[in-house]
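K.L.:
Those sequence lines, one after another, are chains D and H.
The first sequence: position 70 = 70 (this note's numbering), numbered continuously.
The second sequence: position 140 = 140 (this note's numbering), numbered continuously.
By construction, these hints were calculated from the structure, which means they are not laboratory data.
In this text, all values refer to a predicted model and were calculated from it rather than measured experimentally.
A virtual CB, placed ideally from N, CA and C, is assigned to each residue, including glycine.
Please note that the accuracy of each hint is not assured.
Here are the in silico distance ranges between beta carbons for each label pair [said to hold, decoys possible]:
no., chain 1, residue 1, chain 2, residue 2, range
1, H, R40, D, S34, 49 to 55 Å
2, H, G24, D, E32, 25 to 31 Å
3, H, S90, D, S74, 22 to 28 Å
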Amino acid sequence: MTVSELPYDAGGDSELVMVCREFVELVTEHLEGSLPQEVERAIGAHLELCEPCLQYLGQVRATVGLLGALPAPSLSPVVRTRLLDVYARLHEPRSGDRHGDQERPPRRQM
Amino acid sequence: MEQQPEDPPGPGATVVEAAVAVGGSHVQADLLDRLRAGDRIAFAELVNGWSPALLRLAQLHVSTRASAEEVVQETWLAVIHQLDRFEGRSSLRTWVFRILENVARGRGRREARTLPWSSAFPEPRDPADAPPSVDSTRFRGPEDRWPGGWTPTGRPTSWQPPPDDAAVAAELRRRLGDALAELPDRQRIVVELRDVHGLTSEEVCERLRLSPGNQRILLHRGRARLRQQLEDFYRDRRGPGDDRV
Numbered sequence: 001m002t003v004s005e006l007p008y009d010a011g012g013d014s015e016l017v018m019v020c021r022e023f024v025e026l027v028t029e030h031l032e033g034s035l036p037q038e039v040e041r042a043i044g045a046h047l048e049l050c051e052p053c054l055q056y057l058g059q060v061r062a063t064v065g066l067l068g069a070l071p072a073p074s075l076s077p078v079v080r081t082r083l084l085d086v087y088a089r090l091h092e093p094r095s096g097d098r099h100g101d102q103e104r105p106p107r108r109q110m
Numbered sequence: 001m002e003q004q005p006e007d008p009p010g011p012g013a014t015v016v017e018a019a020v021a022v023g024g025s026h027v028q029a030d031l032l033d034r035l036r037a038g039d040r041i042a043f044a045e046l047v048n049g050w051s052p053a054l055l056r057l058a059q060l061h062v063s064t065r066a067s068a069e070e071v072v073q074e075t076w077l078a079v080i081h082q083l084d085r086f087e088g089r090s091s092l093r094t095w096v097f098r099i100l101e102n103v104a105r106g107r108g109r110r111e112a113r114t115l116p117w118s119s120a121f122p123e124p125r126d127p128a129d130a131p132p133s134v135d136s137t138r139f140r141g142p143e144d145r146w147p148g149g150w151t152p153t154g155r156p157t158s159w160q161p162p163p164d165d166a167a168v169a170a171e172l173r174r175r176l177g178d179a180l181a182e183l184p185d186r187q188r189i190v191v192e193l194r195d196v197h198g199l200t201s202e203e204v205c206e207r208l209r210l211s212p213g214n215q216r217i218l219l220h221r222g223r224a225r226l227r228q229q230l231e232d233f234y235r236d237r238r239g240p241g242d243d244r245v
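Generate coordinates for the entire structure from the input sequences, incorporating the hints supplied.
P.N.:
Here is the structure:
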């Protein structure tokens, strides 16, 4: 494995200076708004100058957006067929009895 | 059966529309008659129409897709067998979704005992243990003039066409769905609850009994991997001969 300088290495005595490698590790906390103010300031300063990191941030946002727009899952065909079969069998017309509604369910669930 | 009075979802209404009708209405009585008499087309319409929403709802309570599917199956079986006993005081839809909630909650509670959320949680607090979000070869080394900056070939470039463009949207969604399914369980569950279902971080922490810090770490790792998969998709699409820059 790799890494790791400490996250946000202080470049001077007071001002935090952030590099790209550190920014990508903080991007979620940045989006969550859970970072201390001085770190947020360092991120803001970094993004003003760093087009690739701005791209990266945009891509993370786009990923989250796509996740929210994923199509609803559908039931697997096997399960669907099985359910329709159970229903059909329960209502199978018996000798001369065209409507299944007299029939009692053979067993109860639960 | 004969009466088709003034009720708005009249004879032309689909089964799914009729199933929202209030308890006691003609429309509902009609539909219940059909379902109790074994009208397979009506039943199939309900299964097709509601199963996606039922699956989504089930996934809020249980940890895997397979388990959500079992919850939905169990729900439909209960509906099939209890239809005769349904008194029709609520709409059919409300009744079915209530059954699902009960089945899913029960199963979710049982699963919570088997999923190693808190006890066996590998404490990822030490950054040295964590895999980097982006492959480290994409950053300049310590000897470089700008250590920790993107290398010329490693830097992210804009995704073209954008993800919502029809030319890529379907394939991108498929890729993302696959990548999501392949995430490690804990990352997947957190990403699903947060980003797919839209729960807040507080809701997720409470539901999974996670600390806010651990929740963020799981979310971060999951999202980082998914972003990488989408980037790979765009790179593959451009073709290998194409340079990143």
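K.L.:
Failing hints, ascending?
P.N.:
Those not satisfied come down to hint 2.
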